[in-house]
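Novice: Chains as they are written, first to last, in numbering that gives the first Met the number 0: chain Y, 0 to 158; chain D, 0 to 158; chain A, 0 to 158; chain G, 0 to 158; chain H, 0 to 158; chain F, 0 to 158.
Errors might be hidden in some of the hints.
[Said to hold, decoys possible] Pairs of lysine to aspartate or glutamate, DMTMM-like flavour, derived with a Cα cap of 25 Å: (1) A:Lys-150 / G:Asp-90; (2) H:Lys-20 / A:Glu-137; (3) Y:Lys-150 / D:Asp-86; (4) A:Lys-150 / D:Glu-133; (5) F:Lys-150 / Y:Asp-90; (6) Y:Lys-20 / D:Asp-86; (7) G:Lys-67 / F:Glu-133; (8) H:Lys-150 / H:Asp-7; (9) G:Lys-150 / A:Glu-137; (10) D:Lys-67 / D:Asp-86; (11) H:Lys-67 / F:Asp-19; (12) A:Lys-150 / G:Glu-30; (13) G:Lys-150 / F:Glu-133; (14) A:Lys-67 / G:Glu-133.
Note that these hints are calculated values from the structure, not bench results.
There are 6 protein chains.
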Amino acid sequence: MPDLTHFDAEGHAHMVDVSDKAATARLAVAEGHITMRRETLDLITEGRAEKGDVIGVARLAGIMGTKKTADLIPLCHPLPVTNVSVDLVPDTALPGLRATATVKTTGQTGVEMEALTAVSTALLTVYDMVKAVERGMEIGGIRLRLKAGGKSGRYEAAP
Amino acid sequence: MPDLTHFDAEGHAHMVDVSDKAATARLAVAEGHITMRRETLDLITEGRAEKGDVIGVARLAGIMGTKKTADLIPLCHPLPVTNVSVDLVPDTALPGLRATATVKTTGQTGVEMEALTAVSTALLTVYDMVKAVERGMEIGGIRLRLKAGGKSGRYEAAP
Amino acid sequence: MPDLTHFDAEGHAHMVDVSDKAATARLAVAEGHITMRRETLDLITEGRAEKGDVIGVARLAGIMGTKKTADLIPLCHPLPVTNVSVDLVPDTALPGLRATATVKTTGQTGVEMEALTAVSTALLTVYDMVKAVERGMEIGGIRLRLKAGGKSGRYEAAP
Amino acid sequence: MPDLTHFDAEGHAHMVDVSDKAATARLAVAEGHITMRRETLDLITEGRAEKGDVIGVARLAGIMGTKKTADLIPLCHPLPVTNVSVDLVPDTALPGLRATATVKTTGQTGVEMEALTAVSTALLTVYDMVKAVERGMEIGGIRLRLKAGGKSGRYEAAP
Amino acid sequence: MPDLTHFDAEGHAHMVDVSDKAATARLAVAEGHITMRRETLDLITEGRAEKGDVIGVARLAGIMGTKKTADLIPLCHPLPVTNVSVDLVPDTALPGLRATATVKTTGQTGVEMEALTAVSTALLTVYDMVKAVERGMEIGGIRLRLKAGGKSGRYEAAP
Amino acid sequence: MPDLTHFDAEGHAHMVDVSDKAATARLAVAEGHITMRRETLDLITEGRAEKGDVIGVARLAGIMGTKKTADLIPLCHPLPVTNVSVDLVPDTALPGLRATATVKTTGQTGVEMEALTAVSTALLTVYDMVKAVERGMEIGGIRLRLKAGGKSGRYEAAP
């Protein structure tokens, strides 16, 4: 059975040594969603023009959250991202919003955690802005969709 | 239809004015989970003794994440929490880990976002530590379970 | 001549002792502006609908900047703000944007620095987003317009 | 008319993709000033020896502010600066203090925002330390004076 | 034997519940020192006028470090300090510098960690500024000297 | 006599210019300890299984503290570390705990401050968790044990 890389031979947590890995182009895409009542979703989508841009604020929170990843995740390597975009689109079938984050860097380790943190922060921000209307919203489906670059190679989730 | 409290009459985002609210005892409990393959869960639960305490690291990350809530969520009020606990328990039925966070404060606004951020950070931290073994883990079920204190009163989610 | 309160009798910097001051309602309003070419301003105001909401992003940056005040200003007391709003309005006479920030708290010290930091951060954020079009923009007129609450009482700037 | 680089084709804010830009030597110089009454300036300049080093504290705040740039400015890329210096000199003609910040890095994007943030933070820090003596001080003239390195080349402001 | 308060009945780390404690005046004083060669100390003390104010920079770092305590120490409660002062005095008998930090707040928990973090940060900052001259400096004697306020009452260290 | 590198010719603090230094492999090892009564040490070592893992929490705090070094130490260059490990071992002869931190990066400047900050943060965290049992614990012996890489070459402390 494989070992957990974030712990040494004695089971002590450490930040994995990536000193000897090459700095290469890295990409990660993560996704997630927040479900809510249909009326709540309508309030968000109809309100964008005059009542407040929930999606715009959540997108920005997601982008800024990316830059806090190494601060939040204890054993995560700090690294300067070179591109971040976060999209949130309404989905009446949920009903709710679907979020996707794309993050790039040139570095010695990947940006999976940055993309997942962006999605997670964007969805929490939606919850915060809408919670006075509906407390029962639920965040789910947060997962890595794509990862490219680095020694472990490409990973693509099943659809 | 209700308006979104985080935007003013012109639709501009603002931090809601809680200046005139009383500072009262507040409590929030949030929950969520991460699903994984059974072998991955076994690696986490069996490894605790000698191979590394994934759950202990995630719990601590959740507690520290609570203190970063106002930094992550743009329109969230900063407030000094007075108690935080985070629990993660293995659930072979998922299979995966279930996380619960309990946060208290005495303040002019609630701690729902702090509890949700704690759960979210703890689960992202599990993903980080275990991702080399299984990239397909998924985080879900993040929701508020209980909220007490404040003018809007008690909220309890359906089980 | 008065002494500088932020230094002790020996001239050493310290964080002023406010332990014995009452926690009262405090308000501060600050303002500032950024000047640019008329075409640049048009790009910002016309672009809001489809090309990107510069003003919305700057407003949010200002609100979030408020929460970082004690982190940026060495001798500033940390305090939890209870209300923040930031407005940016186009002024073709400048030409440019005028920013105003209103901050409230209930505390032992005022929120002047929080309001000034909000204005300053919002205007720097405008510069960042528009700099590829015009590097010669200039930020100015950053000042306190109003302060209320606390022992030193009300201050209102000349118009 | 040019587009705003910080928004994509749909007008959504994003962190500009610099992944394919070369990491080259970058330099930026920014300036600004704070105006005050002549007596207030005298208090600062005469006080340096025994009454407190306002300029020394502001300089340090400016240097430390540089390191928080990507945290403050939402769409700004994080990058490790390799040199920062901040100067504040009294100018009796203002009367007030003139601040200049010089920042360098080797990176895929420039350090204009870092230099502007350093100047802005240093001047806000002066305001904080002296505000008990004069609330009417005003911060202005914050602009980029020089930028070198990178594909967009050298920029020098008119004097 | 007493139990460790920072762990619950199951041995899980948590942030101790202080929700029901009264908000009272709290004071803590901590101390520590850094030892170095006599020539290095001379360089610091003689240099203050023209060659750079090591002590002034370290004092400011200590004050700012106080505000980061809850960010650094995982289970520490966040609380807004109301007064911080840090002193560093040369001691030719060490030889080296002796640091003392005094911190106050009105809160539900004490400020011992804030005072210890201030001392520790100030001494690390001295090391940073002087390390090119002497790498063998050593930091020691970091301890709580005095604590007052709160249910556990006054504590004073033996001299 | 050598000059202090962190101050310019006029004695002004600055962040040393490392722009022209090569990015090479850097390593630093730092150490320190905390002394306490024998019973307190026993409480920590015996308690690990069921009563709470003081050493595990302190180790994680040390690792996370490494990432905050440039935020804490005013003139320290920010740099992305590539490996961090922190060890704490009980020493009944002190009695107390001995901490060692090892930090690596590939960069233009060394990681001595990162290693020293890791040790210091880990030991402060032990103090925090155990202070309700013994307030008289003392932190000492914080020093650089080894440094390798960079123009100034290898440094090894006397044992």
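Novice: Against the structure shown, which of the earlier numbered hints fail to hold, in ascending order?
Specialist: 1, 2, 3, 4, 5, 6, 7, 11, 12, 13
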